[in-house]
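Q: Assemble the whole structure, with the sequences as input and the hints as a guide.
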Amino acid sequence: MDEPGAELPRGASLSALAESVGTAVELIVRADSVLLRTVGLSLAVSGTATLCAAGLGLALGAWLAVAHFPGHRALVLLLNTLLALPSVVVGLVVYLLLSRSGPLGSWGILFTPTAMVIAQTILVLPVIAALTRQLVGDSLRDGGDQLRSMGAGPMSCALLMLVHDRWAVLTVLIAAFGRAIAEVGAVMVVGGNIDGITRVMTTAIALETSKGDLPLAMALGLVLLVVVGVVNLGISAAQRGHGSALAGVR
Amino acid sequence: MNGIEGAAIRPLIRLRGVSVRFGSVQALRKVSVDLQRGEFIALVGPNGSGKTTLLRTLHGMLRHQGTRELADPSVVQAMVFQRPFMLRLSVANNLRLALWLARVPRVEWAGRAELAMHRVGMAGLWERPARALSGGQQQRLALARAWAIQPEILFLDEPTASLDPSAKKEVEALLAGFAADGMTMVMSTHNLGQAKRLARRVVYLDQGEIQRDLPTEVFFGDGAGARADQFLKGEMAWQLES
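Just so you know, the protein sequences line up as chains Z and E, in that order.
Residues 1 to 250 in the numbering used here are what the first sequence spells out, letter by letter.
Residues 1 to 242 in the numbering used here are what the second sequence spells out, letter by letter.
These are calculated hints, taken from the structure and not from any lab test.
No experiment lies behind these values; they were computed from the predicted model shown.
All C-beta atoms in this analysis are idealised placements derived from N, C-alpha and C, irrespective of residue type, glycine included.
Hints may be right or wrong, so weigh each one.
Okay, the calculated beta carbon distance ranges per label pair [to be verified]: (1) E:S166 / Z:L56: 43 to 51 Å; (2) Z:H68 / E:Q26: 19 to 27 Å; (3) E:R83 / Z:S33: 55 to 63 Å; (4) E:A110 / Z:D32: 51 to 59 Å; (5) E:E69 / Z:H68: 22 to 30 Å.
A: This is how it looks when you write it as structure tokens:
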């Protein structure tokens, strides 16, 4: 199947790109209400999903860094494999669970932002858990003996390392948030891209692309990048404010 | 052989026939040793002789075969490592963390931490990030952190190995002060001069076995024995004066 952009005449791509930049600037400057609502929902869904996944993923990663049990290696391998989990597959699984005939159909939350949060939580949980396990494991090799000699149990050691590596943990959470807000497959399947209810930036981009309005789709993509950039800038500023004294200190 | 045999007091720690293996490496072979209250023992020996393994086994950090008996299971122990590990927190919070992990009542934290910082001469560095301190300061902070929990036994794993001469001197002075206060200490070291200056008893290890366990003056006199003597001759030329 030909993609809409494939039929653009030669040279039109560049003008479409220029037009999309102009449209993006205009949308931002005009503070378009539909755009603001869509951006707001994107941030709310992905932010909530990242927070939910952080609660589970940080604890799971920390535990996996210190746990010893049969099957531990297999679980870590599975977790690392899930880093490549396709978002549309997550969407399908959550859809099957939440659809009227599914085991959780009675909740009645399919095609709601809640379903989108659940899907994105599942999507980014492996990212947070796997990276946290690695982070805590590395730090334990450096200072685990010291903490154990001071009386810390295995889980206390792991949790203290999360405090120790808090800025790196924040980077992990930023990466997870980036994965969540940039994905389209899961939110499209479980949200349905309903205007004003479940339409987020990525599903809006997909919709405009399918309608052939490439400049608007590209403009929305640029707006998405700007929004994520602003969020990251805020977090970086907080990092610098709190951690400047420790920057580069090992 | 034990240098302090026949002591009437029950040892703080007693190892009997302790062996430790790391995969295919036999790190300790049927080691028996007693640690009496108030002693300052130096563990010396070539690289890979088992000094650190014995230190960690005494501290209870390693799985082993054989028996390890404590005079009192609640005996407070602390350990200072060659490269002290400080969390990315302030000096004060690193001290508070140690007190929290040692289950010291919260009301005592401020007093103990302040005393400890004075003891190591770092009272003005309270709010500094611990990792921004120099190597010597971090080692003094590690000693303060250990001292703050008032341990009955302090284990030291080559505490001055990565320090410059002046920091080494400062740390040695602190250790001598702790010993003068009656704290029981066990220190692994490559520095025979340091062992001679600080310890009252020297345990010489080779290939995971205790070869000599003697009072310091006897060990550095003529009691070391052939193999330890060989070790001493190899090390003394460049280590003793440092």
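Q: Checking each numbered hint in turn, tell me which of them this model violates, lowest number first.
A: When the structure is compared with the hints, none of them turns out to be violated.
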